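K.L.:
Chain order of the listed sequences is A and B. Here the numbering used here is used: the first residue of the first sequence is 1, the next is one more, and so on. Here the numbering used here is used: the first residue of the second sequence is 1, the next is one more, and so on.
Because the hints were derived from the structure by calculation, they are not lab data. It is possible that some hints are incorrect.
A few chain A residues that don't get close to chain B, going by computed Cβ distances all over 12 Å [said to hold, decoys possible]:
| no. | residue |
| --- | --- |
| 1 | Pro-20 |
| 2 | Leu-52 |
| 3 | Val-55 |
| 4 | Arg-58 |
| 5 | Met-65 |
| 6 | Tyr-95 |
| 7 | Phe-104 |
| 8 | Lys-112 |
| 9 | Asp-113 |
| 10 | Leu-155 |
| 11 | Gly-161 |
| 12 | Val-193 |
| 13 | Ala-203 |
Below 30 Å or equal to it, Euclidean Cα-Cα: the simulated BS3-like pairs (lysine-lysine) are [stated by the list, open to error]:
| no. | chain 1 | residue 1 | chain 2 | residue 2 |
| --- | --- | --- | --- | --- |
| 14 | A | Lys-136 | B | Lys-53 |
| 15 | A | Lys-53 | B | Lys-34 |
| 16 | A | Lys-54 | B | Lys-96 |
| 17 | A | Lys-136 | B | Lys-34 |
| 18 | B | Lys-72 | A | Lys-54 |
| 19 | A | Lys-75 | B | Lys-41 |
| 20 | B | Lys-26 | A | Lys-53 |
| 21 | B | Lys-84 | B | Lys-72 |
| 22 | B | Lys-26 | A | Lys-75 |
| 23 | A | Lys-53 | B | Lys-41 |
| 24 | B | Lys-41 | A | Lys-54 |
| 25 | B | Lys-34 | A | Lys-75 |
| 26 | A | Lys-53 | B | Lys-53 |
| 27 | B | Lys-25 | A | Lys-136 |
| 28 | A | Lys-54 | B | Lys-26 |
| 29 | B | Lys-25 | A | Lys-53 |
| 30 | B | Lys-84 | A | Lys-75 |
| 31 | B | Lys-25 | A | Lys-54 |
All of these numbers come straight from a predicted model, not from anything done at the bench. Glycine residues also receive a C-beta, built at the ideal position from the N, C-alpha and C atoms.
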Amino acid sequence: MDIKEELTAALQSKTAFEIPLFGGIPVPESAVGSWILIALFTIFCIWLTHDLKKVPGRRQMVAEMLVGFINNFCKDNLGEHWRTFAPYIGTMGIYLVLANLSEFIGITPPTKDLNVTAGMAFMAVLLIYGSSFRIKGLKGGLHKFAEPSPIVAPLNILEIGIRPLSLCMRLFGNVFASFVIMELVKIVAPVLVPIPLSLYFDAFDGIIQAVVFVFLTTLFLGEAIE
Amino acid sequence: MSILNLNAEIIYVFINLVILLLLMKKFLFGPVTKMLDERSKEIADTIDGANAKMDAAEKSRQEYEAQLLNAKKEAQDIVDAAKKRGQQEYEAQLAKARDDIARMQADAQKQAQADRDALLEGARQEIAMLALLAASKVSQQKMNSQADRDLVNAFLAEVEETA
């Protein structure tokens, strides 16, 4: 088995198992990975936030810092509507960081699956334009397309497609590329060498991409509802 | 099985995200944000309460100061009034004393005048008596009738007028 075949095999988005209903519903590996991450993080959150007190303990401080950070980020970028969006923005960020870092607990990153990044980008765009119409009303939402000048309206309409595409492809490309590089490195030098590289490609780049995705979504959202 | 697979399995992503969102709302954002809000509200309430108390304290301090000032002023007024009354009293007494003294002096003068007049009258009568006595001795006759006496008196009056 040469390197090319090995790499191609590693890069496939595999189907983990099939639900034996309606002639078999395929469940992709990314979904199973996501479920594991969701379950683990939910248990972690329950542990963090059970028994909250007015005077916080160390455990509660961690939860408050995390939530406070996300809330403040949303307050800064979304203004008065932050309460509505903070949980979703936070969820997106948490999920992306978990997904990008999942390599470290031996789960193939769900974000390596194009479906995942596309789905997230689609939901982000749905959130952006949905909120725009919800908060500004039909007229205000439509008017947003003619800002700052009616001349740019075609560009603004194109952005409906460009934004999710760029969000989706940026994230997918980064995670996919780092995955490819790491697989190659592991094939060439399986011992010790992958550790520092993995820290860069999986941890650093993964977190950066999660932040970029969330930051851009928030930026677009803030622009849409301001 | 492909690398760039974009297919119906995308539905799992939506479902997963919504599930994670609900879980996070329930277990992370909901309770923690509520706790943070409650705490900031409590802090704001505490600060407001403290401010209100300080305001009240400041207000009562000002009231007390005003009252103190009033009391001082009243005391000063009372003292002033007392001084004034005392002064008036003193002046009245003094004036009365002066009057008394003047009256007493006048009385004394009058008395002295009266005494002198009485003395003069007495002396004049005495002299008249002596003159009568002397005249009676001279004329060897008793001169004690009313007519004699009038005569002597007229004589004396004449002497006084010339003197």
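K.L.:
Against this structure, judge whether each hint is valid.
P.N.:
Here is how each hint holds up against the structure:
1. Pro-20: Non-interface label on A/Pro-20 holds, nearest chain B Cβ at 17 Å vs cutoff 12 Å.
2. Leu-52: violated, 5 Å
3. Val-55: Given that some Cβ of chain B is not farther than 12 Å from that of A/Val-55, nearest at about 9 Å, it is violated.
4. Arg-58: holds, 15 Å
5. Met-65: For A/Met-65, whose nearest Cβ neighbour in chain B is about 10 Å away, the distance does not exceed 12 Å, so it is violated.
6. Tyr-95: violated, 6 Å
7. Phe-104: holds, 19 Å
8. Lys-112: violated, 9 Å
9. Asp-113: violated, 7 Å
10. Leu-155: For A/Leu-155, whose nearest Cβ neighbour in chain B is about 25 Å away, the distance exceeds 12 Å, so it holds.
11. Gly-161: holds, 14 Å
12. Val-193: holds, 25 Å
13. Ala-203: holds, 21 Å
14. A/Lys-136 / B/Lys-53: Outside the cut-off at roughly 44 Å; violated.
15. A/Lys-53 / B/Lys-34: OK: A/Lys-53 and B/Lys-34 at ~11 Å, within 30 Å.
16. A/Lys-54 / B/Lys-96: Cα-Cα ~86 Å, so violated.
17. A/Lys-136 / B/Lys-34: OK: A/Lys-136 and B/Lys-34 at ~27 Å, within 30 Å.
18. B/Lys-72 / A/Lys-54: At roughly 51 Å apart (the allowed maximum being 30 Å), A/Lys-54 and B/Lys-72 break the hint.
19. A/Lys-75 / B/Lys-41: Holds, at about 17 Å.
20. B/Lys-26 / A/Lys-53: Roughly 17 Å between the alpha carbons, so the hint for B/Lys-26 and A/Lys-53 holds.
21. B/Lys-84 / B/Lys-72: holds, 18 Å
22. B/Lys-26 / A/Lys-75: holds, 21 Å
23. A/Lys-53 / B/Lys-41: The given pair, whose Cα atoms are some 15 Å apart, holds under the 30 Å limit.
24. B/Lys-41 / A/Lys-54: holds, 11 Å
25. B/Lys-34 / A/Lys-75: This hinted pair holds, its Cα atoms lying about 16 Å apart.
26. A/Lys-53 / B/Lys-53: holds, 27 Å
27. B/Lys-25 / A/Lys-136: holds, 25 Å
28. A/Lys-54 / B/Lys-26: Roughly 19 Å separates the two Cα atoms, so the pair holds.
29. B/Lys-25 / A/Lys-53: holds, 18 Å
30. B/Lys-84 / A/Lys-75: With Cα atoms ~74 Å apart, B/Lys-84 and A/Lys-75 exceed 30 Å; violated.
31. B/Lys-25 / A/Lys-54: holds, 20 Å
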